[in-house]
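Between the sequences and the hints, there should be enough to build the whole structure, so can you do that?
Protein sequence lines correspond, in order, to chains V, R and Z.
Per the working numbering, the very first residue in the first sequence carries number 1; after that it's consecutive.
Per the working numbering, the very first residue in the second sequence carries number 1001; after that it's consecutive.
Per the working numbering, the very first residue in the third sequence carries number 2001; after that it's consecutive.
Derived by calculation from the structure, the hints in this document are not laboratory data.
Each hint can be trusted.
With the Cβ distance kept under 8 Å, some of the chain Z side facing chain V (calculated, not the full set):
1. L2211
2. S2218
3. R2222
4. R2230
5. A2233
6. A2236
7. I2239
8. K2247
9. A2251
A few chain V positions that, by computed beta-carbon distances, are all more than 10 Å from chain Z:
10. N66
11. A145
12. A185
Every residue, glycine too, gets a C-beta built ideally from N, C-alpha and C.
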Amino acid sequence: MPLLEARRLRRSFGGLVAVNDVNLSIEPGSIKGLIGPNGAGKTTLFNLISGLLQPDSGEVYFQGRNITGWPPFRIARLGIARTFQNPSLFPRLNVLENVMVGCHAHTRHEFAACALRLPSMRREERAIRQQALEQLQWLGLESWALRPASALAFGQRRMVELARALAARPSLLLLDEPASGLTPAEKMVLADLIKKIRERGITVLLVEHDIPLVMNLADDLLVLHFGAPIAEGPPAIIRRDPKVVGVYLGQEADHAAAS
Amino acid sequence: MDADHLALQYLLSGITKGSIYAVVAIGFNLIYSATGVLNFAQGEFVMLGGMVAVTLAAFVPLPVAVTGAVLLVTIVGCALELVFFRRLRRHSVLHLVIITIGLSIVIQEAALHIWDEKVRSLPYFTGNEASSIQLAGASISPQVLWVLGTVGLAVLALHLFLRRTLTGQAMRACSAQPEAAMLAGINLNNMRTLAFGLSAGLGALAGCVISPITMTHYEMGAPLAIKGFAAAILGGLGNPTAALVGGLLVGILEAASVSVLPAAYNDVTAFAVLLAVLFIRPHGLWGKPAGESVREH
Amino acid sequence: MHVLKKIAPYLGLMAGLVLLQLVLRLAGKDFWLTQLTMSLYYTIVVLGLCLLMGFAGQVSLGHGAFFAMGGYTAAWFTTHNFSSAGNSSWVAILRNVGALQERTDLYGNPILTGQPWAGCLMALGLTLVVALLIGYPALRLRGHYLAMATLGFGLIISKIIVGSSSLGAADGLTNVPPWSLPFGLTLGGRAALRIQNYYLAAGLLVLTLLLLRNWVHSRVGRALQAIHDRETAANAAGIDTARYKLKTFVASALLAALAGVCFTHYAGGIAPSEAGALKSVRYVALAAAGGLSSLWGVTTISTTLNFCSLRGWFGSLDHAVFGGVLILIVSLAPEGPLRPLGQWLLRLKSRFSHGKEGADATA
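The structure is reproduced here in structure tokens:
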């Protein structure tokens, strides 16, 4: 059974149809890539799946459950974590605290318990701290733990945001253009990391503009154009699909085919 | 007086008060459109207009006093923009609104010190407090006609200014598309100062013309600001015509509530309208839900 | 050792409060304790507002209304003569629960009024309901609209109070009896109880600080700061932002109401001005001036400024001072004056050390 399934998702803004009858299916333990030219509706689809936007029609199923129209925090608690195109760390918290927020989805002590500092709350607090530290260590960032999040460079913020998403212990990780703004060296590190994430048993859905990167990483790809799906399949097939090539390369495709 | 006459009396009283709320609401709109700020000190302009005019009226004829008051308060409005808002551009809207609230308190207290806590009023423009005119069976003071006439003319003049003159159109351009306006060579800063000045002047005029009926005292600014804001948001922020209608509606609702609520709770009507609009339909009766979002999600 | 380090600031605060009282006793200014006690209660309101504004990032210009709700409920319940209600079932229930007491009024007549503890419970219950009713729709609004909504709410409460003769209309309620607490303590305004009440207020303040501190340094505190910083990302991380904002709003309202109850029993009465917009704006000004998220800064500044105001040292400029403070702080140092002050001091320091290096280099 697919881990995530989106059926006939549709979403318009005013007169513009951003996502037009899109079906998406992600097998557990795989890396799925979502590509398409700018304005193809990738981020909108992302936001529909993660609950930041409501679809006009269509459904989203996660582990067989209908999560259509659920608010983002409920979806997060089910085990879907995401990153943002612009890494959105919380500037007033330090790096470790930022990652600790990631644990919110699977912890439970609320106002009353925290007010009284019950023993169970303190145990949970220690566990949260431990888990957050482990995520930072896994990414090699533990030396940054106490730095204020606002003091980090762009690439570093990306990594911390990733640590925060991983701290949520997700079954599905949604990465929104994780490679944008990174140097080629950083991109290689990222690709490696995403593979390691898959080895941890986490399924990944990846929106990306960097085609070579995605072709290398993904097990399966969905190509969108003007909000509609135009191709789906493993990279080897997609790479040769004339529709995809045409959409991305336009005129050049004709030259390439002719030569 | 039978029920019909009573109803008419309430209606007229509501429209009178409502036209003042409308002026405050239009002032809110002007500044909001030009700067994005909700200027809570709007009510103080009305108060200052009345106060300054009363002081001047001791030395010069009434028309001169009113004109002088309007001019002076306009200058105050421009000065506020120059001193505060021009420097504080990088602040969030919330901060700016809070600053206007602080300003309204300071202005109110300054008024208390310059004048005092006594209630004052301008003399009736024509006649006196005993004169009345018969209108469709209800008797009203001639000052009511002054209020409606003045506010009506002022709103019409503003409308013509915004639509027919170059400066007015430039102002509208600034609020609709600030970047494009800048590229077209329009000086946004001056437009903003103008917006503040116009709002202040309009408010002062309203303050003068309503003074014989409702009196002027140093504390009248804040409730006016809230009711004016309720009116502005009832119509839908950004729409001057809607602000006018909103003001009249709030005035009429308030007057009608006198028959239902004890007199002491009369003010609550307008505040309740404010809350109702914010909670139920924040973009107002004529505003568009999309665009500037009032709600978080 | 680690625990001691955490507790140290609170011990310091308590020591400071004790020291303050002793100094006043020595200086013969014992009576200053009265205004100081009231300032401490006001500071509790401001601290609650800090949680809401500084941590959850939501503004409220209506917290005076919650203070007044607490105070007026307590005042009304403990001064209303229930014997005139005859055999009403409500009165019977209250009597059975022990919530009523028989005492004599000023003129020596026997009256049946409510017990302060029951009044306190009623006050908190009412505030809880109202805060939920108002908070639920209001907190969905964006910053400046939320400000206006809370302002409007505060004004409605203020008008209702001023317009109700049963609540004393423009004069407020007086002759509120003291509250007899366990361990022989009494929360009341008699001169003989002055020192005791100072410590009662101080104790409540320290408890409030501990409560807020527990929240701030916990999962709840992190969630609130996340909501303040990036609400969308906080939501995506699993935080029910609407619920958290509402709970914070209610918590700060309850703190204000509790302060109102205690204040009213101490002062022996309450006036409608407590619910007014001027008071509410004052609380915001103090929270901002103390540095919204700095609990210690807020405690110091709020207590100091409130004390000066209550002693009348601002004279007729009382309201203008707080209005001015608000304008200055928000325009110059929105996050509170302490950080810019600290940065300015650092710059001064570096200027001095660079000067020295320059001199050494040329030597």
